[in-house]
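Since chain A is already given, all that's left is putting chains H and Y on it; use the hints.
In case you want the letters, here they are:
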Amino acid sequence: MITALKLTELSKVFPVGKRMFGPPRALVRAVQPLSLTVEEGETLGIVGESGCGKSTLARMLVGLLPPSTGTIEINGEPLDNADPALFGRKIQYVFQDPISSLNPRKTIRQIMEAPLKHLHDMPAAARADRIREIFAAVNLREEFLDRYPHEFSGGQAQRIGIARALAAEARILVLDEPVSALDVSVQAQVLNLLADLKEQFGLTYLFISHDLAVVEAVSDRVAVLYFGSVVEVGPADEVFAYPKHPYTKLLANSAPVVGRPLTAPEGRETELPDPLNPPQGCAFRARCAYASDQCGSEAPRLEKWSDGVGVACHHPIAYAF
Amino acid sequence: MKNFLMLLARNRLALGGLVVMGLVVLLALVTPLLPLADPDVTDTANRFKRPFSEGALLGTDHLGRDLLSRLLWGTRLSLAVGFAAAIIAATLGAAIGIIAGYYGGRTDNIIMRGVDMLMAFPYILLALAIVAALGPGLMNALIAVAAVNIPFFARNIRGITVGIAHKEFVDAARLSGMTDARIILTEVLPNVIPVIVIAMSTTIGWMILETAGLSFLGLGSQPPQADLGSMLGEARSALITNPHTSIVPGAMILIIVMAINLLGDGVRDALDPRLKSGALSRPMPATMVQRAGPVPTSEGDTLLALRGLKTQFHVEDRVYKAVGGVDLQVNPGECLGVIGESGSGKSVTALSIMGLVASPPGVITGGAVHYKGEDLIGAPYEKLRSLRGDRIAYIFQDPLATLHPLYTVGDQLIEAVRAHHLFDRKKARAHAIELLTSVRIPNAEQRVDSYPHEMSGGMRQRVGIAMALANDPEVIIADEPTTALDVTVQAQILSLLDDLRRERGLAIIFITHDFGVVAQLCDRVAVMYAGRIVEEGPTKTILDAPAHPYTARLMACVPELGQGRRELAAIPGLPPVVDRLPEGCAFADRCHKAGDTCRQGNIELVRHGAESLVRCVAPETPPQEAC
Amino acid sequence: MTGYILKRLVSAIPVLFGISIIVFVIMAMIPGDPATAILGSYATPDNVEKLNRDLGLDKPMVQRYFIWLGNMLQGDFGRSFSLNRAVLDEVLDRFGATLVLAGTAFVLCSLLGVAAGVVSAARQYGLADKAITFAVLLGISIPSFFLGMMMILIFAVKLRWFPVSGMWPIYGARDLSALISHLTLPALALAVVATGVIARLSRSAMLEVLRQDFIRTARAKGVHERSVVWRHALRAAMVSIIPVLGVQAGFVLSGAVYIEMVFQWPGVGRMLVDAILKRDILLVQGGVVFVAACYVMFNIAVDVAQSLLDPRIKT
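Residue numbers (my numbering), protein chains in the order written: chain A, 1 to 321; chain H, 1 to 627; chain Y, 1 to 315.
Isolated chain A, as found in the complex (with noise of 0.2 Å):
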């Protein structure tokens, strides 16, 4: 197995209630260090619910967002220039809303043209063909070209995003939220075609969502976000249907699911943690039925459970097979 990216200690911390000289007031950490492979040909599916940090996440790996401490690696070599055009040729990014990720100004040939030719200097009649054989791929006919991002549906402008980030060329796609913004018969089109995209050009993805039956469907691995840290990482198959962690069992019980009786998976009201003022320990520990003193002093670490399954707890939750 060849590692495609590989995170080290990645961090963002973002400054609240900025000054025009001096330091800020005070500071969010939007992402908890954070290790994670990926490996070649794999999906990594990351879920959370909102304000988790799976978007600042992704704002780092493509090289849109800094990251404040830690470093990015791609097929062992280190990216610490935090310049897009570098990361653009082996990192692209699918945006979740497809109507606002295109200008509403310029025609879809102009925009498939954007990355061919700042990233790659390709001459004009290359271009040409390229554009033709990713349109090919993504099942979009040739004559949406010259038309406007507005004359499209949902649906059709995310297949636009994405030709757009296989124009790039690079090997890794980072998804985030890419069928959130539609209707499921939809979903299903999209979701099906970045499948054969992947096999048809080998590509590695890291898919985003916040839906956890999208995730397990698409995903190899899934890593579970809460609160800006990985909590949980494991096989797709494995981390719903035998979560170690109590916020994935939360997580898991909440879907609402066709079969099984409606019952309020948490009993009393509870409110998130305030990101301005983090709580000690264990993030979740409010939250969960099995904090112990342990978890209000000492914040759990990421540590290996069994081969390839991780997971950020003092009390994980056991199986018998």
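Careful, some of the hints might be misleading.
Said to hold, decoys possible - Heads up, simulated DSSO-like pairs for lysine-lysine below, C-alpha to C-alpha not over 30 Å straight-line:
{"id": "1", "chain 1": "A", "residue 1": "LYS198", "chain 2": "A", "residue 2": "LYS90"}
{"id": "2", "chain 1": "A", "residue 1": "LYS198", "chain 2": "A", "residue 2": "LYS304"}
{"id": "3", "chain 1": "A", "residue 1": "LYS6", "chain 2": "H", "residue 2": "LYS167"}
{"id": "4", "chain 1": "A", "residue 1": "LYS106", "chain 2": "H", "residue 2": "LYS2"}
{"id": "5", "chain 1": "H", "residue 1": "LYS540", "chain 2": "H", "residue 2": "LYS593"}
{"id": "6", "chain 1": "H", "residue 1": "LYS593", "chain 2": "H", "residue 2": "LYS321"}
{"id": "7", "chain 1": "A", "residue 1": "LYS6", "chain 2": "A", "residue 2": "LYS90"}
{"id": "8", "chain 1": "H", "residue 1": "LYS540", "chain 2": "A", "residue 2": "LYS249"}
{"id": "9", "chain 1": "H", "residue 1": "LYS167", "chain 2": "H", "residue 2": "LYS2"}
{"id": "10", "chain 1": "A", "residue 1": "LYS117", "chain 2": "A", "residue 2": "LYS6"}
{"id": "11", "chain 1": "H", "residue 1": "LYS167", "chain 2": "A", "residue 2": "LYS198"}
{"id": "12", "chain 1": "A", "residue 1": "LYS106", "chain 2": "A", "residue 2": "LYS6"}
{"id": "13", "chain 1": "A", "residue 1": "LYS198", "chain 2": "A", "residue 2": "LYS6"}
{"id": "14", "chain 1": "A", "residue 1": "LYS117", "chain 2": "A", "residue 2": "LYS106"}
{"id": "15", "chain 1": "A", "residue 1": "LYS249", "chain 2": "A", "residue 2": "LYS117"}
{"id": "16", "chain 1": "H", "residue 1": "LYS167", "chain 2": "A", "residue 2": "LYS106"}
{"id": "17", "chain 1": "A", "residue 1": "LYS249", "chain 2": "A", "residue 2": "LYS6"}
{"id": "18", "chain 1": "A", "residue 1": "LYS6", "chain 2": "A", "residue 2": "LYS304"}
{"id": "19", "chain 1": "H", "residue 1": "LYS321", "chain 2": "H", "residue 2": "LYS383"}
{"id": "20", "chain 1": "A", "residue 1": "LYS117", "chain 2": "H", "residue 2": "LYS167"}
{"id": "21", "chain 1": "H", "residue 1": "LYS167", "chain 2": "A", "residue 2": "LYS90"}
{"id": "22", "chain 1": "Y", "residue 1": "LYS50", "chain 2": "H", "residue 2": "LYS2"}
Think of the hints as simulated: they come from the structure by calculation, not from any bench.
For chains H and Y alone, kept in the frame of chain A given last:
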């Protein structure tokens, strides 16, 4: 561009402004060619000649100069100065604004502090100071007026640029390897230009007024050269004896500025996409009703029954049939799910019940909504109002947008009660706290004085539910109440709704796109596609054995947790656009078993098994199986 | 609340500082030297040099700025050579008159403008809306000085309802009724433009708010339409109207310059124009700084009003 000109031409006032402005500009352009008297030659013997006197069509001024000639030359000058000032201010202001807005951070901070500093002056003080420094003169007045307006443009354009610089397409351009300079020129600028044009077209008139003002004060154009402002200034001393010398240049300024303002408004309306779709129309208190054809009569004593409900959106010359004849009913204690994808008409159906569809552009064009046998469509406003929130209450999707941001949740709850009952404030407040407790909000006594922005999404939605419960309604219509929430919070809200329904015997109409939610909460479910119900029946029957191909295939598309990695089913194609619905079944184009019969006439919703209805000529399951 | 006011007052210090720098720099750009202008035909090289020394003009610019600033902080704005009077005394006298005129006009235009905007939005496309829209268009297109002149012609000369100009009668008591009769025409002429602008912005702010989701919620609760418009919508719209009122106050103050000229109102605007024409730099400098500082304070009041209205602003 063509589109823009068409929109502009359709606006009659703007067209009028354009014509007048065109004439004025034309006159100004040809002034040197016209056989006019020299505007600056004095002839004191012939001073203050009245208009229409011989040799001077508009009369003469206090030095006997021909007013018509001075007026035309003055207009020429005023227009030139006004346009020049507008262009200078817009260009420099936009450049500053774009740079500040695009780069953000410290650059932005420092530039905007400077702009704030300039805007801290009442603008004329700055203009006067500049003129004082440079000395009176038309050129200096132009510089002063342009300089004073730069901060206004800069601030305006900066705001727009900040919005655009955070759009995802700018990130995408960065990932495509574009440099900042290129992004500003090719991504940001094209999106800002309409705003610059709007700002310019609405301020040119203002600039002309301003330069005229400085000239009027004697700080602009210097004698003998005249612009419209200095003509007025010179005429002021003779205002009472010879008013025509004042009225002539004053009226000209009025005509020019009014024409420019009309034109500017037209340009703004044509370029502002929000105005195109009529989105800036004020929604009326209740949806417009234009029912054609017979009104269905009430049958039985159902609590709430929709019969053949049709709601359309009339946008310009297009008609979107959002709801194309929907029948639904709920009884006390029952939860009916309405499921569909975006654009299926499920929300419009829900909002039509109490006349809450925004109109314009919404119009209810047919059918009836029977509440205990009484038709609510077309009922007088006061009747509707007395039922809204009292007998039939709503819960909406995004609790942050649906609560008033400036009132405490307590005030909003109290208002909900007092809209229907004569509670004094103290009693109403106690009731509000009680309501918050009933939706399991901890510390209700304190939370009652919170503002919506101080609460989390889940808490806000609880407030939304409490508000719906305020008057103990019989029916609650919940329009995707958990879509904006995280799954863990959604689970809490759903179980709360379920408990409330059982405790209070509420009838709930639950609009959603999520089969999992329907399965857990609803007794019966109606599936909507392209504005019509394609299938309806007990939840279990439909989820176990869907009869309509659309339902079956839609359910197959939904990934369910616990099935591991797999290929997902998809439905090819897209839902039809509701302003061009095909004949026959709207789903036919995407259906694998569609035949010729599917594309003809009207396909009825027919009984299918004991409790189900389906709108299909070839259902997936035979009727007996569905029982 | 007091904390917020204090915070805003502190944040005004750099702004006031900046204003003084801007004014000083602009005035320092004046070509030729003021001594020549002051001395006029008495300007021999010796005299000029002596006066320059007396005025401190031989010192470097930065030093001159701090001397000027220091003096101002002690209430010494210098002496006007054209009036032979302390600048501050003159400015204070004149500013009072301007405040009466501009203040009245500002109250008028705020009340009329917001009311017209709300009515116009609530009756969108109705007769009232069309009439208001047309009046507004006329109002923002007419130069206020021309309007003032026409008002004099009609209401003072032809109809003789009001005096032609001035703030007080030349003979007779200086009482409130005399002031009101002198004030009516100029205050109206001054208010017209700002009323138009405020009405327009109020209308569009109201239309914007009326399509918000929380208005639909209010209607779904069964709240009366009157209350929906005047309570729910107007309150939310005020959040965007109040800053406009702050900006318009500046425009009213600016427009006062023209109106004071037309109506011979003894205000600070007329004083400034006269001072510029006579090149009385110290008077211009002092007047501009003083009025700008007052405007900054007014805007702090606007911000405080805004924070009272909108709980989302951190106080």
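Going down the list of hints, with the structure as the test:
1. With a C-alpha separation of about 15 Å, the suggested pairing of LYS198 (chain A) with LYS90 (chain A) holds against the 30 Å cut-off.
2. Taking the CA atoms of LYS198 (chain A) and LYS304 (chain A), the gap is about 29 Å. The hint holds against a cut of 30 Å.
3. For the hint pairing LYS6 (chain A) with LYS167 (chain H), the CA-to-CA distance comes to about 28 Å; that is within 30 Å, so the pair holds.
4. For a cut-off of 30 Å, the pair hint linking LYS106 (chain A) to LYS2 (chain H) stands: about 17 Å separates their Cα positions.
5. For the proposed pair LYS540 (chain H) and LYS593 (chain H), the alpha carbon gap of about 25 Å is at most 30 Å, so the pair holds.
6. Proposed proximity of LYS593 (chain H) and LYS321 (chain H) is supported: the alpha carbons are some 26 Å apart, at most 30 Å.
7. This hinted pair checks out: LYS6 (chain A) and LYS90 (chain A) have alpha carbons roughly 13 Å apart, not beyond 30 Å.
8. Using a Cα cut-off of 30 Å, the hinted pair LYS540 (chain H) and LYS249 (chain A) holds, with the two alpha carbons roughly 27 Å apart.
9. For the suggested pair LYS167 (chain H) and LYS2 (chain H), the alpha carbons sit about 27 Å apart, so the restraint of at most 30 Å is met.
10. Taking the CA atoms of LYS117 (chain A) and LYS6 (chain A), the gap is about 29 Å. The hint holds against a cut of 30 Å.
11. This hinted pair checks out: LYS167 (chain H) and LYS198 (chain A) have alpha carbons roughly 27 Å apart, not beyond 30 Å.
12. Using a Cα cut-off of 30 Å, the hinted pair LYS106 (chain A) and LYS6 (chain A) is violated, with the two alpha carbons roughly 35 Å apart.
13. With a C-alpha separation of about 19 Å, the suggested pairing of LYS198 (chain A) with LYS6 (chain A) holds against the 30 Å cut-off.
14. Under the criterion of a C-alpha separation no larger than 30 Å, the hint pairing LYS117 (chain A) with LYS106 (chain A) is consistent with the structure, at around 15 Å.
15. A distance of roughly 47 Å separates the Cα atoms of LYS249 (chain A) and LYS117 (chain A); the hinted pair therefore is violated under the 30 Å criterion.
16. Restraint check for LYS167 (chain H) and LYS106 (chain A): satisfied, since their Cα atoms lie roughly 14 Å apart, inside the 30 Å limit.
17. At most 30 Å may separate the alpha-carbon atoms for a hinted pair to count; LYS249 (chain A) and LYS6 (chain A) meet this at roughly 27 Å.
18. A threshold of 30 Å between alpha carbons decides the hint, and for LYS6 (chain A) with LYS304 (chain A) the separation of about 17 Å falls inside it, so the pair holds.
19. Our distance criterion of 30 Å between C-alpha atoms is met by LYS321 (chain H) and LYS383 (chain H), whose separation comes to about 27 Å.
20. This hinted pair checks out: LYS117 (chain A) and LYS167 (chain H) have alpha carbons roughly 22 Å apart, not beyond 30 Å.
21. Our distance criterion of 30 Å between C-alpha atoms is met by LYS167 (chain H) and LYS90 (chain A), whose separation comes to about 23 Å.
22. Restraint check: the Cα-Cα separation between LYS50 (chain Y) and LYS2 (chain H) comes to about 69 Å, which exceeds 30 Å; the hinted pair is violated.
The structure fails to meet hints 12, 15 and 22 from the earlier list, while all remaining hints are met.
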